[in-house]
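Visitor: Below are the chains, spelled out letter by letter.
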Amino acid sequence: MSGLLQEMTEKAQRLNIPFNVQLDLTYRCNERCVHCYLDHDDHGEMTTAEIKHLMDEMAEAGVFILTLSGGEIFLRKDFFELLEHARRLMFCVKLKTNALMIREREAARIRDLGVESVQISIYSHRPEVHDGITLIPGSLKRSIDAIRFLKSQGLRVIIANVLMRQNMQDYPGVRALAEEMGVECTLDPTITPMMDGNRSILDLGVDQGTLRQVFRDTALVGDADEFCAIPAPAGESELESTPCSAGHTACYVSPYGEVFPCVQFPLPTGNVRQQRFVDIWRDSDRMKEVRSIRLKDLTTCPSCTHAGTCTRCPGLAYLEGNMRGPSSQDCEKSFARTGIPSANMLAKKDAAATQARNLVQIRTLSNLASVSA
Amino acid sequence: MSRLYMARNPKVAARSLDGEMMIMSGRDSTLFTLNKTATILWQSADGTTPLDEIVDRRICTEFEVEPTEALRDAETLARELASHEILQLSEEPIPPHSTVAGESRAGESK
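Chains as they are written, first to last, in the numbering used here: chain A, 1 to 373; chain B, 1 to 110.
Next up, chain A with everything else stripped away, as it sits in the complex (with noise of 0.2 Å):
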């Protein structure tokens, strides 16, 4: 983030502004990746007269960056009215989207509109591996049309490369792939539980080996050993501080409405159909709540070695059970990056071990069996 853009954030932190909010048109895709946390069914979108209402009540309320996803955007037969309002309301827009639906023409119009970025997740530089993941044959190929359609056009493309277990060994490829396009590229490791709490997706998630491979990687993290030091213990400042921007000064909008701290935080504040944006955002318990909540409040991670450094996300941890709780996944990466464990893995591993020996125990028991033989 450049320094006046973390300025400007924090003037809109002090101010309680919404700075920067991703709006999901659609949950329904033309693809059907393996790791995706959405139901791709449509229960009830909003209309274009409401989503127009929506983003009027944003720019009133001082929403500058305004992420445009979903599911597939392109599938909302009103996209371009809709991209085309918001950028008459001068939000910074920013797509996410697979570009199966971009050609030249949605290229230029595109460009047109004054588009700040357009993110396009690419899994492998590999058809085999990227349509695998994506459940489409030939999906790479229209992914990566699309981005030379972008690209000729002038637009900042960013690759968004989730990675997992299928393409853990492709993402030097798909690095390769950007450089070769002249694009951006993303590296995230992060696999995010169903919205409807069902974790099973989190199998496809890759190992420690693979985590640990991936933070000695100098092509993505420069020093390898500054990278994966150890942490200095969490000061006061840093116990003081919030955990991320969730709630603070972004937000997340479903296509039903539906207000949460962020995409990967389902925690219900609202809805825009009930309620004005600024009035959730503002006035919310829950949204307040998030809000109260700094690092010394957390419970096991104020003494964690890893606290003043954890890229712990609050939604995870949400989505474990408690938002004032560890983010497993977080500790994972902790663990992986330095090699010590984190408080949270520590604790597990006692937990383990108590109930080991209440095994015993009960295995002591068996003098019971013997006597009623």
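Keep in mind the hints are simulated off the structure, nothing from the lab.
None of the values given here were measured: they were computed from a predicted structure.
C-beta: ideal position from N, C-alpha, C; glycine also.
Among these hints, one or two may not hold up.
[To be verified] What the simulated footprint calls covered on chain A by chain B, stretch by stretch (three residues with Cβ under 8 Å from a Cβ of chain B suffice, anywhere in the stretch; the number is not a length):
id : region
1  : 6–13
2  : 105–119
[Said to hold, decoys possible] One side only, chain A facing chain B, incomplete, derived with CB under 7 Å:
id : residue
3  : Phe64
4  : Met90
5  : Cys92
Following the hints, put chain B in place on chain A, whose structure we already have.
Guide: Here is chain B on its own, set in the frame of chain A:
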């Protein structure tokens, strides 16, 4: 003497944060914040009101400044904003953009 007209570049993103105008360049995503005078120019850049009228009506009334000097400074500032593609400048009135029309006082939150 030719007159100078200004229009907001429809490709930028803009929002007022507690009275401070933020503009993100459509060219390279560089973020700018505008000072009070630049904000007045931005808000007044409707493509049809000449710069000298804007200076006369909005800048000279806001700041205690001599009109000729104010116009010279405003023109310098307008050209600087144009060099970052935040404003478009012309010696003729600039028609509204056909796809994304900049609205009056665009980018201001209430």
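Visitor: If a hint holds in the structure, say so; if it does not, say that too.
Guide: Do the hints match the structure? See the list:
By the rule of at least three residues with a Cβ nearer than 8 Å to a Cβ of chain B, the coverage given for the region 6–13 of chain A holds, with 3 such residues. Counting residues of the region 105–119 of chain A whose C-beta sits closer than 8 Å to any C-beta of chain B gives 5, which meets the bar of three, so the coverage hint holds. For A:Phe64, the interface hint holds, since its Cβ comes within 7 Å of a Cβ in chain B; the closest pair sits about 4 Å apart. Against a cut-off of 7 Å between C-beta atoms, the interface hint on A:Met90 holds, since the closest Cβ of chain B lies about 4 Å away.
Because the smallest distance between the Cβ of A:Cys92 and any Cβ of chain B comes to about 3 Å, under 7 Å, the interface hint for this residue holds.
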